[in-house]
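Novice: Assembly of the complex is requested from the two constituent chains, each provided in isolation within its own frame, with the hints serving as guidance.
Each chain, letter by letter, is given below.
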Amino acid sequence: MINKKYSSVSKAVADIPDGATVQVGGFGASGSPIELIHALIDQGARDLTVINNNTGNGEVGLAALIGNGQVSKMICSFPRSSQSRVFPKLYREGRIELELVPQGTLAERIRAAGAGIPAFYTPTTVGTVLAQGKESREFDGRSYVMEAWLKADYALIKCEVADPLGNLTYNKTARNFSPLMCMAATTTIVQTKKLVAAGDIDPEHVITPGIFVNRIVEVPDPVHEDILIAEGRSYP
Amino acid sequence: MSAGWTREQMAARAAQDIPDGSYVNLGIGIPELVTRFVPAGREFIYHTENGMLGMGPPPAEDDRDLDLMNAGKKYVTAVPGAAYFHHADSFSMIRGGHIDVCVLGTMQVAANGDIANWSTGAPDAIPAVGGAMDLVQGVRHIYVITQHTTRSGEPKLVERCSYPLTGPGVVSRIYTDLAVVDVTADGFQVVELAPGVSFEEVEDKTGAPILPPE
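The listed protein sequences correspond, in order, to chains A and B. Using the working numbering, you'd call the opening residue of the first sequence number 1 and step up by one each time. Using the working numbering, you'd call the opening residue of the second sequence number 1001 and step up by one each time.
Please keep in mind that the hints were generated in silico from the structure rather than gathered at the bench. Misleading hints may appear alongside valid ones.
Unchecked claim - Here are some, though not all, of the chain A residues that point toward chain B, as calculated from beta-carbon distances under 8 Å:
hint : residue
1    : Gly28
2    : Pro102
3    : Pro164
4    : Asn171
Said to hold, decoys possible - Here are the in silico distance ranges between beta carbons for each label pair:
hint : chain 1 : residue 1 : chain 2 : residue 2 : range
5    : A       : Lys5      : B       : Glu1061   : 35 to 45 Å
6    : B       : Glu1214   : A       : Ser72     : 52 to 62 Å
7    : A       : Pro118    : B       : Gly1196   : 55 to 65 Å
8    : A       : Arg92     : B       : Asp1204   : 36 to 46 Å
9    : B       : Glu1154   : A       : Pro220    : 53 to 63 Å
10   : A       : Glu138    : B       : Gly1021   : 31 to 41 Å
11   : B       : Glu1008   : A       : Asp140    : 11 to 21 Å
12   : A       : Asp47     : B       : Pro1058   : 39 to 49 Å
13   : B       : Gly1196   : A       : His205    : 50 to 60 Å
14   : A       : Ser82     : B       : Glu1008   : 20 to 30 Å
15   : B       : Glu1154   : A       : Asp140    : 50 to 60 Å
16   : B       : Leu1211   : A       : His205    : 54 to 64 Å
Only a predicted model underlies this, so the values are computations on that prediction, with no experimental measurement involved. Every residue gets a Cβ at the ideal spot worked out from N, C-alpha and C, and that includes glycine.
Excised from the complex, chain B in its bound form (with noise of 0.2 Å):
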């Protein structure tokens, strides 16, 4: 057995990446711990699809505003310098490319960088796509936070995907229990090992060439 990153050190790794004053939106799960480790002297600014700038942390039980939710439905807070706007806003500012960084989970990440995150196909699943589209296709800088593994220990970093693509090429940095991955041209790329981790037992479990850190 690996030592590997929790999931938390996952999303303080992640955290390291994003620079100051960046606008920031953030999927499901994983990806919300990452507003836990913003590094000491920098400021992000969270952007929720259903409408707002300045996301806070969620409020005590007796605190929530029944009309200040975030995009997983979840009550949250604003900080002071929020700002609330529109759907057709809120997507202006994903599509146009106004928002810096996206974090995401996934079911699947392939060495192209295509990403799928939104539904296994299966004929009696329910498609459920939301916002995903959009934002793997308008914000700058794709990351994905997930497991190097599914639970039976199927890769999801992958040569192609087998499941339906939430976006094409989409995804340039990938934080995983075992490593720190990027999408290059030449395929996936260790930049960096978690502790204990050696980059053979990263080869074994990913479902692609990948290349050793330089």
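The following block holds chain A by itself, in its conformation from the complex (with noise of 0.2 Å):
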């Protein structure tokens, strides 16, 4: 019988390997898929390239991972906001590299990687720097860019509602890259604030199909990044 139920939060992420290329779902706090960051943080795996729209905020979740000098490359659109201090800090003192992709451009990539697409070309960065030393192709006389997928060993996801099978819906805007990561990883680990039986989920209503998933971990009540962090909280 299929069930991809884990235990706990640290079973689910044990086996992640030093090197590892780590999706993380999540835009800003809204999705964040704190306590499997955190479990990761525990595990100790080093040497990571993690893919993000951001960088974490704080000294909780993702920026707490980065903080304990596991990540030796981040992957995403926009690593600097109010809050986020950890990586600039390492950004700047040389001891993390940075691959920095427009939004839409990462989100279908990562969408490109899960299809079995392995390249794509799109109008965004043309005529800017970002575009430099990429092949480029006319399509109905306009310029576009090629840009390749981005695969990930894991995926570290949060979601509302998981059935055993790996059937899962999101709340609100905490989707953003989730279903698109789910897709594109090799092993997706996913912690639900619910795990309900088989066909508790409509399936007119399913997001992510449950062939995507591979482990689910009941987490029922996620902190939030943003309660850490107003309450002045770090991880370890």
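Specialist: Spelled out as structure tokens, the structure:
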């Protein structure tokens, strides 16, 4: 019988090795899988390449993973924000690499990886420094830049409701990159607020079909990055 | 000193040019004020890059939903008829030409429609682009709201951008505190002057040739 359920976040992330590429869901605080990220901090894998729209906030979640020296490279669209201090410091000290990718291109590169499309052409970045060194081509008289898929070994995802088969629903704008990352990673690890029986999610309402999900951990009362930061918390 | 337009008046003036039923994406800063000045009888649907159509105003502090944010990471609400979707769908709406109007702030805009609003190119700056390059290439009409000059008085409307481009030749209209300016085949063209502002003042504060109102 298929049952993707894991009993704890620590067991779910236990096999992530040094040097892995890890996609982390969330856009800013919303949809960030804090419990899974903190389990990865406890686990200690290093030299990670992390893919996320941002670089985390405060000293919790993704920012704490970076601050703990576990990330050697970030692939993201917007590495700074008002609450982002850890990444900027390491970047200025030359201790972490950055690949800057426009947000829509980041999303489509992840989607392409999940869809088996090795590359695609986009108008985004045409005529800018971010297109330098990239192959370009004209279609219908307009110039486009080629971008390659962005695969990952693991994805860490937060969802609202899951069933044991891995079917997922999300809550509002906490969805963001997560359905794409579920598709693109070799091993997708999901923390869900609520775990229900197969059949309890209306098939018409499934956002991520279970085929894209490998491991599910129930985290009934997940912490939220903004609340942790407001409370002045840090991790570990 | 000139009278000119306030931030609110600039946003209100831009709102006048957005047709009823438009799907609109608003940048951070003065463009966000456009929502307050929707002309009577018109309805705009707001898109936010992180996955929603039908974005509503900010909630009261006690009513905020931690899973409901806009692209600026601020808490927002959803209007009746709103829809949520993932990032690839959201940027398909942008790149695929489905969004009608995008109103952006800027650091510089050039007489040929080039826009530079993501980086100063300074060596110690941490580059951050977000969705700006997708928006300027994909949305049908790119409007800019900006002060006519920087705080130190440097023109923001220039012959050629000195900062790294967000996109080339994409801006169609600019709303400043002094004037509404179109980007035309002949360069900048004043469409309308703010009350109490002379064309000579606009010309003086613009870093490129500019044509007077017709």
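Novice: Indicate, hint by hint, whether the structure satisfies it.
Specialist: Going down the list of hints, with the structure as the test:
no., hint, in the structure
1, Gly28, "4 Å, holds"
2, Pro102, "4 Å, holds"
3, Pro164, "23 Å, violated"
4, Asn171, "4 Å, holds"
5, A:Lys5 x B:Glu1061: 35 to 45 Å, "37 Å, holds"
6, B:Glu1214 x A:Ser72: 52 to 62 Å, "58 Å, holds"
7, A:Pro118 x B:Gly1196: 55 to 65 Å, "59 Å, holds"
8, A:Arg92 x B:Asp1204: 36 to 46 Å, "39 Å, holds"
9, B:Glu1154 x A:Pro220: 53 to 63 Å, "55 Å, holds"
10, A:Glu138 x B:Gly1021: 31 to 41 Å, "33 Å, holds"
11, B:Glu1008 x A:Asp140: 11 to 21 Å, "41 Å, violated"
12, A:Asp47 x B:Pro1058: 39 to 49 Å, "41 Å, holds"
13, B:Gly1196 x A:His205: 50 to 60 Å, "57 Å, holds"
14, A:Ser82 x B:Glu1008: 20 to 30 Å, "24 Å, holds"
15, B:Glu1154 x A:Asp140: 50 to 60 Å, "39 Å, violated"
16, B:Leu1211 x A:His205: 54 to 64 Å, "56 Å, holds"
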